[in-house]
Amino acid sequence: KAGVTQTPRYLIKTRGQQVTLSCSPISGHRSVSWYQQTPGQGLQFLFEYFSETQRNKGNFPGRFSGRQFSNSRSEMNVSTLELGDSALYLCASSFRLVLGAGESANQPQHFGDGTRLSIL
Amino acid sequence: AQSVTQLGSHVSVSEGALVLLRCNYSSSVPPYLFWYVQYPNQGLQLLLKYTSAATLVKGINGFEAEFKKSETSFHLTKPSAHMSDAAEYFCAVSENSGAGSYQLTFGKGTKLSVIP
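Chain order of the listed sequences is R and A. Residue 16 in the working numbering sits at position 14 of the first sequence, and the numbers go up by one each step. Residue 45 in the working numbering sits at position 23 of the second sequence, and the numbers go up by one each step.
One or more of the hints may lead you astray.
With a cut-off of at most 27 Å between alpha-carbon atoms, the simulated BS3-like pairs for lysine-lysine come out as follows [what the hints assert, rightly or not]:
1) Lys59(R) x Lys15(R)
2) Lys91(A) x Lys130(A)
3) Lys91(A) x Lys71(A)
4) Lys71(A) x Lys130(A)
5) Lys59(R) x Lys90(A)
6) Lys71(A) x Lys59(R)
Simulated from the structure, these hints should not be mistaken for laboratory data.
Working from the sequences, and respecting the hints, build out all of it.
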């Protein structure tokens, strides 16, 4: 079973540009979450998508956005890049069970190898 | 909001020695707890998860963790360290953010070095 695939693995951009990162989840997984990892702040939650809808968003500016397609693949976009956006961006997928009145049970998240974004 | 504290940003052990990585969490409800490992230039790999079925959880690569509610701890151990265990380890708690969404809150990580 293929794991979570993130592309590209490495990316170099300059300040002011925008970037789009891609994530293909494990087959059958419908939930995709994004995290930013930096030496100073550690791992921080960006957002989660499930069934093409953003379900939750972390404490990041509006320059960070994302979307999910009908095949559960997800993209995240960062506009007007700043030096501080240099980080490893990790995507994670999980299999959600939908129970009763829409409540989802928790399943472990499976991570891709990340995209390392460097801003010059 | 829940939080996770990992005591010791860097731990060194000799090959063959006991590995003990500490994790304390804050949660007002029974938590979903996880340990992940990250090797250089890679993503996070799930080591084990706490599911409330048992307080002692066994994971991959010989690791296990014990959930102690009274101490709000979920420490990770391995009886005998191997060189291949050198990596960074993250403890995480899964938090219900409402609307059926869960997000992981991570500790700052502990970098494990294994001395031959």
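Of the hints given before, which are not true for this structure? 5
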